[in-house]
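Sequence lines, in order, name chains A and B.
For the first sequence, the numbering used here assigns the number 1 to the initial residue and increments by one for each residue that follows.
For the second sequence, the numbering used here assigns the number 1 to the initial residue and increments by one for each residue that follows.
Since the hints were made in silico from the structure, they are not lab data.
A virtual CB, placed ideally from N, CA and C, is assigned to each residue, including glycine.
Just to be clear, a hint being listed does not mean it is correct.
[To be verified] Some, not all, of what chain B presents toward chain A, calculated at C-beta under 8 Å:
#1 E394
#2 F397
#3 R402
#4 K406
#5 L412
#6 A416
#7 R424
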Amino acid sequence: MALLEIKNLHAAVEGNQILEGVNLSINLGEVHAIMGPNGSGKSTLAQVIAGRDSYNVTEGQILYKGEDLLELDPEERAQKGVFLAFQYPVEIPGVSNMYFLRSALNAIRKSRSEEELDAMDFLKLVKEKAKFVEMDETLLNRPVNHGFSGGEKKRNEIFQMAVLEPTLAVLDETDSGLDIDALRTVANGINKLRDKNRAVIVVTHYQRLLNYIVPDFVHVLVDGQIVKSGGKELALELEEKGYDWIREKTAVSA
Amino acid sequence: MYLGKRMQEQKSNIYLSQFEQFEKSLNGDASSHVHAIRKAAIAKFAELDFPTTKNEEWKYTDVSRIAKTAFKPALSTQGAIVTEKDLAKFSFGHPEWIRVVCVNGHFSKELSRISDLPKGVKVGSLAEAMKSEPALIEQHLAKHAKYDENAFVALSTAFLQDGVFMHIPDRVVVEKPIHVMMISTGKGEEFVAHPRNLIIAGESSQVSFIETYGSLGNETYFTNTVTEVVLAKNAIVEHERLQMESDNAYHVATLHTYQERDSNFKSNAMTFGGKLVRNNITATLDGEGAEATLNGLYLGTGEQHIDNHTCIIHAKPHCPSHELYKGILAEKSKGVFNGKIFVLKDAQKTDAKQTNKNLILSDEASIDTKPQLEIFANDVKCTHGATIGQLDEEALFYLRSRGVSKNKARDLLIYAFASDVIERITVEPLREELHRILHKRLEAAHELEAE
Chain A
1 MALLEIKNLH AAVEGNQILE GVNLSINLGE VHAIMGPNGS GKSTLAQVIA
51 GRDSYNVTEG QILYKGEDLL ELDPEERAQK GVFLAFQYPV EIPGVSNMYF
101 LRSALNAIRK SRSEEELDAM DFLKLVKEKA KFVEMDETLL NRPVNHGFSG
151 GEKKRNEIFQ MAVLEPTLAV LDETDSGLDI DALRTVANGI NKLRDKNRAV
201 IVVTHYQRLL NYIVPDFVHV LVDGQIVKSG GKELALELEE KGYDWIREKT
251 AVSA
Chain B
1 MYLGKRMQEQ KSNIYLSQFE QFEKSLNGDA SSHVHAIRKA AIAKFAELDF
51 PTTKNEEWKY TDVSRIAKTA FKPALSTQGA IVTEKDLAKF SFGHPEWIRV
101 VCVNGHFSKE LSRISDLPKG VKVGSLAEAM KSEPALIEQH LAKHAKYDEN
151 AFVALSTAFL QDGVFMHIPD RVVVEKPIHV MMISTGKGEE FVAHPRNLII
201 AGESSQVSFI ETYGSLGNET YFTNTVTEVV LAKNAIVEHE RLQMESDNAY
251 HVATLHTYQE RDSNFKSNAM TFGGKLVRNN ITATLDGEGA EATLNGLYLG
301 TGEQHIDNHT CIIHAKPHCP SHELYKGILA EKSKGVFNGK IFVLKDAQKT
351 DAKQTNKNLI LSDEASIDTK PQLEIFANDV KCTHGATIGQ LDEEALFYLR
401 SRGVSKNKAR DLLIYAFASD VIERITVEPL REELHRILHK RLEAAHELEA
451 E
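Please model the entire structure based on the sequences and the hints provided.
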């Protein structure tokens, strides 16, 4: 059984149809890249998987470990191992990163009938994970993403992922706007988390990230549909020829 | 006109006849200096009567329910029994703090624990002080909280009997906070208490006091309290006020401060309880370099009505004032904020900043907020801002997407909203208590919403 099975997914936001029948199957241990031009529906797909309620699923379904994912609240999805690294991580002044993350980790542990971590054990864990993703420890005690630079915010997403250890991680344009050093660090962090018990969806606009995170599969999303799938070489082809090439091609074949 | 006057008389009538009875009960005290003030105040009250919503100052707060109820004045503790255990829930886990307890507006010697005070510091009953400190009483009592403008101050002054008195002599620093507990408890009778406080901080003295208002049960009563704080040159006073009365209580609180040169007054006013609440704070900066900070937090749940009126009078040059009031309004609650800043002609180089932020948690909750700046000097810096918002949906989703439940995520964001007021409170056990109260009251509101 696939870890994630997306079937004929249609989704709309504020009456605008964005996804027009997405089909995708992902197994444990795989890394899938979803590429596509701006406005093709990449972020919508990521948000629908995470459970954002401003997106309306009008048709189709998503099965996660064989269960209907769309029936679950966002927190239930997270508790079952779904993680979304946000394209625009939200600033939450007044809530410390540490407190937030401990609440999240303990909510997840509790849902799995695991013991909650006390402050000391938690501190040990986050220090280890911060090192793992090369995150400045002073950021831990600051309010969530508040006053963070773009790079710090993205790194904080990967740090949260390292702490929460999801089964399915969806990275929504985690590379956008990063300089090459930050990109390498973020990619390193993701690579370290790659293993056979986890699957990763990398949503990106740029091929550059894929030099560092080598995907098993590449899918091209155009106008709300996956129009082409292939191996990592597809990313290079896209980089060279641009998205218009795909558009024209699909137009011809259609 | 004639009819209007007659109806007015009818409303205040009950209080006038109650005053006559009160006067009889005073016996020998009736000829004192204080009693002359009482008589002047009841005459003013008869003239002013309870305000209606036609009065600009009371436009959003209808006190007719107070005016219509025949609250009986609590002329003594009324034999109320308050135990150590009852006080524990207002002690923030620190029963060892110096505490001054009033029951139904009257000082309780048995429940108060006043010891270890620096030499010369007087903390205790105002009724006692009227006898033992006539000079200070004559100089300050009812001199700052003017009873000729506000009917509630007039009423409170007319029935002025007891409350808390503090005098910190020049250059004395009281290191430990003094906890004032105002406990109300009735036996099914609708009563009114008028606790009256006078705090006098001498030159270069320092004191911090926490004032907690609480009830033992769910009774309906009316607290009409007046506090005057006088700061001599270079004095520092910090005032934390926590109002957690019964949800059926009516609460009108008036605080007037008078500040001399280089003095510093900080107030953190937290409102959680009460059915209908009106807080009036007036801070007068009457010496160069005096500084006032008025911060507040209010949480409305159920059908609570919480009104905060603040007024900062900049009378002299080089005075900074800072004001941050934050409101959380859930269910069908209503909030009112009115922040006045007067900068008088002489008050050049005034630096005044006022902020009021509100978080509305339901469609049926509301807030009326109004800054009011009147500036008569020409070289000043005055800023003000008011915001009304809802919980940030993006932030809510972000938290939930990490596994945090919807209610917990809401709580986190609400705490975060309140945190910049709470974090400014220097007494740590109080900060923890505030988180507990917020949690408890919001939890109840969440549950009701879920039903």
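Cross-check of the supplied hints:
| no. | hint | verdict |
| --- | --- | --- |
| 1 | E394 | holds, 5 Å |
| 2 | F397 | holds, 6 Å |
| 3 | R402 | holds, 4 Å |
| 4 | K406 | holds, 7 Å |
| 5 | L412 | holds, 5 Å |
| 6 | A416 | holds, 3 Å |
| 7 | R424 | violated, 13 Å |
Of the numbered hints stated above, the single one contradicted by the structure is hint 7.
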